[in-house]
Amino acid sequence: MIGPAPATVLEIRAASLSGPQLQLHNLQIQAQGTSPRDLHWQIQTGAEQGSSPMHWETLQAQGRLRSRAGGDEVQVQASVQASPLGNLQVRGQGKVGKSGGQLRLQLQSQQIGSWHAWWRSAVQGSWSARLMGGGNAQYLLQTVLPKTWHPQGTLQAQLTARGVNWTRLHEAALQASLNRLQFSSPSGLQAAQDGVLHLRTQVEQRQGIWRGQSTLQWRAGAALWSPWYASAPAAGVTLRGNWQYGTQDWRIAEATLRWPEMGQARFSAASRASSAAPEIHLQEATLAVQPLWQTWLRPILPSSGLAHRLEASGTLKISGSYAAGLDKLRWQLEDGGLRDPQGQFTLQDLRSSGTWQRQGGDSKAELQWLYGGFYGIPFGPLDAQFLLRSHVAELRAPAALSVLGGRVHIQHLQANWQGGSPSFVLGGGVDHMQLGSLTRTFGWPHFTGTLDAEIPQLRYQQGTLSTSSVMRAHAFGGEISIDGLSVTGLFTPAPLLQTSIRLQNLQLKPLTDVFPVGYISGVLDGSVQHLTLLDWQPVAFDARIATRRAPGIPQKISAAAIEKLTKLGGGGISGFFQNIFLRFFHTFSYAKLGFGVDLRDGVATLSGVANAKDGGFYLLRGQGLPQVNIIGYNRRSNWQELLSRLHAVMEGKAQVATGD
Amino acid sequence: MNAYRFRHGLRVLLVLGLSLTLAACVTVNIYFPAAAAQKLADQVVDQVYHAAQQGRVDIQTEPQAKTTAPAASAAPSAWHRPQELHPGQILGYMTNVAFRSVSSTAHAAANLDASSPAVIAAKANVENQARNLGPYFASGAIGYTSNGLVAIHDAAAVPLAQRGALAGLVAGYNSALQNLYAQIADANGHPEWASQIQDSFARAWIAKAPAGYWYQGPSGQWQRK
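One line per chain: the protein sequences are A and B, in this order. Under the numbering used here, the first sequence has 167 at position 167, and the numbering climbs by one with no breaks. Under the numbering used here, the second sequence has 118 at position 118, and the numbering climbs by one with no breaks.
Just chain B, same shape as in the assembly:
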């Protein structure tokens, strides 16, 4: 009986060890939280448009809500040990973990945080420049591009005296926008997300643009909101 129990225990340990080895190969991928990014972009874009309309810069240092994307599936923990498990449950659990570890990578939810000081500073800079660009947007001299930046649409829409500064203002605003996207990505520990965050903002700038603003469609053609 003791020999049987020893062999049985040894088999369980073997399976357990194998499972643990496999489980140790679990790769947790943090996928870009598209929904959270869109929510954050909508929120920031609303604030920038509002600030530009009010003609002021809002340096908000109070805590802001963090947006969370719904996870594709919860990340499994290889070290979580349920209480009162019998060997069969352990085996089943470990097999499941092992299967998941070899069959696919795990998915994890990610938050997007726009409350870091660097992001707030970047946003304030965008707001400040958006305020200066307000008349140019309203006249149709400039518009939002499909990649979340701005470009000259019709320089002749503004008087000659105001046109000289136009190219510089557009370049400065684009620099501020790209800094904002990069700071949000950096603040969330994923600098490589900057271009996807930029895409989220591109949709938001156009979707929330006031009536009369010009924007570029996906194929580059200009349209009026």
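Chain A extracted, bound-state conformation:
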């Protein structure tokens, strides 16, 4: 009698085994069975820890291999310690027969969760497979983001794939959801919170080229990529497109981006191996300006100043292309508006359209608005045409806008934004601007009249508005020259204006017609040197104003003017003078009228047209009979007090408290 065949044991041991990207040690393989058709096998090995993706601490696997009439069966159970996917448990079973084969696997680890894989092949070599499961997405995220960003999230996915032979994937479909996505860079300036992303893609491969259609949805959460921050709208942000990937290039075609409340864009992109940067073509984007400005444009503007405060509105349609920098742009803005919540600047019913290209010559643009305001000064409509070059915009034809009953005309304007620092130079003038409205706006002592001025060159650069030439205004029959004007910190809490003003041939009669100081005739010259306005209030200047004899122009002053000038000087005229003397003489001749004021540190130092006895100074030197002189004795005065006197004189109040 022959007993059962004894079990055959095959054991292979190796202290070390090296291969590409892999180094095993203490390898032990054992197979045993009573027949080659039914074998139990076992593998144990360790692997060197290294940078290779195929590393682990220990691997233990066992299984059974059986051959039957219908085909061969294999069972696998493996445990891998300290692999890149953590402690991994694998269970599987497969079957290979004449009609093909199939394999089922279950993978589980704390790092990747639980996954089920299924694979089936036909004899011809065609195959299909499915992978589904979910779990921790940390490992996957760390392949995309730096480990120091500590990315976290969970992943649910289902992948189906089909191949025409053993080595080639023919088509695949993937649905994946990434939930509770969060990460933060060490600086904290790149971060995400509670993100939910959903990806659906279908792909097929033909002749070595992958083609696919993908939809990516950002459904929830917030993301920060300093300086930009955005939270997902309730309806989510959807990016959809067709794409193609080859060995030499990739391209995205017919892509659409829908961002509820902001708008949508159609674009395509391509990258060729020969070119370093991808080319992006924006076919058309229709965008609401308010969220576009708030989310994408305002964060890149300086954090202080007007631009950062502005609120924008309107509808913008743009198209263009990008290749290592913005290349071409076409836009159309409708129903636009800009508004400073602090009221320093506003533009309403703004429209603009045009094209721009980085290279290739001039292109055209137009800009229109219906009305606006600047520091509370309203201005009217503008219709301007521009020529655009790489970093320059230039006015094609003179433009004008109505301001304070007059007109500001712009003869030439050139704006430049090279180096990221915008600047402009303009030349033009002001025609018949109503001074009364201007003085009311700035809270200055009220006077009326019109202003005409030439502005040969006004320049804006790095927050400073300045003129390198003399601006001339014509008022009261004479000329007012403004030299060396500069305004720094425009739209900041404390704008600083510095200039010098020269007055020539100002006719006192029309001047006193609009300044309610009483009748004075004559010709006035003067200067205000080193004038400094802080927050539009004068804080320093050296002013000298005096009359000059002019042929044919009498130098007369009324009693009322004398009284007001006296009050301005801090004094008063006695009741006796008013009642007796002025009753008979309404006007008086004078030889010279004038004064000087030097303002420093809130103190005004006064002077006159000549020195008088006892330390006094003449504000008015009379001539002939009856003769009236006004002599001041208080050479120093508090500026605020002097201003209140001036206000009182302008308002025609009877008495001014001097504080003396």
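Hints are computed from structural coordinates only; laboratory data are not their basis. Be a bit skeptical, because a hint or two may be false.
To be verified - Quick list of the computed label-pair ranges, beta carbon to beta carbon: (1) B:Gly217 x A:His308: 26 to 34 Å; (2) B:Pro159 x A:Tyr371: 51 to 59 Å; (3) B:Pro218 x A:Ser466: 37 to 45 Å.
None of these values were measured; they are calculated from a predicted model. Beta carbons: idealized from backbone N, C-alpha and C, even for Gly.
Following the hints, position chain B against chain A.
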């Protein structure tokens, strides 16, 4: 006798001339008034912290006190001529002047003035931005550096929605601070003092910071006030 007086007078004149020549070489150095700068920095920093706390910007155009540093020694005047001096006193005085002129340079006191309009405008700008940065300082997201500027300490201390503006706010505030230091130096006629003024402010920002504010020590480590 006349010849003696002539020779004596000639000798006195010679010594006098030599002394005057030497005295003309006196160099008056205006040293950086460290004490005055610190006093001014303390005053401005107090105002900025106060304005930030009150949530308003104070554009003060009224005259402000000028701070004066104690002088190391008074500047000698080469042209000051005391009354009723006899030749010996003149000689002694001139010798003294001459000695000082060749042995060392003179020292002079300097005022620091923060009342110029440009400084007031710069300070108002700092106050305005400090007001916006108040919550970021309080949460520890930003702090003062040891060189009188600000830096991000812990961006994660503020919610994600507020974090986007953080880098821009810090850059803007640093620009405003540097402008303030430069304007103070310019207003006092010594643009080269800007870095020393910045150092004075650095000490003041940290010394006067409210409790809970973060700041960098000299070696760069962050500390909480």
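Checked hints:
no.	hint	verdict
1	B:Gly217 x A:His308: 26 to 34 Å	holds (32 Å)
2	B:Pro159 x A:Tyr371: 51 to 59 Å	violated (39 Å)
3	B:Pro218 x A:Ser466: 37 to 45 Å	holds (41 Å)
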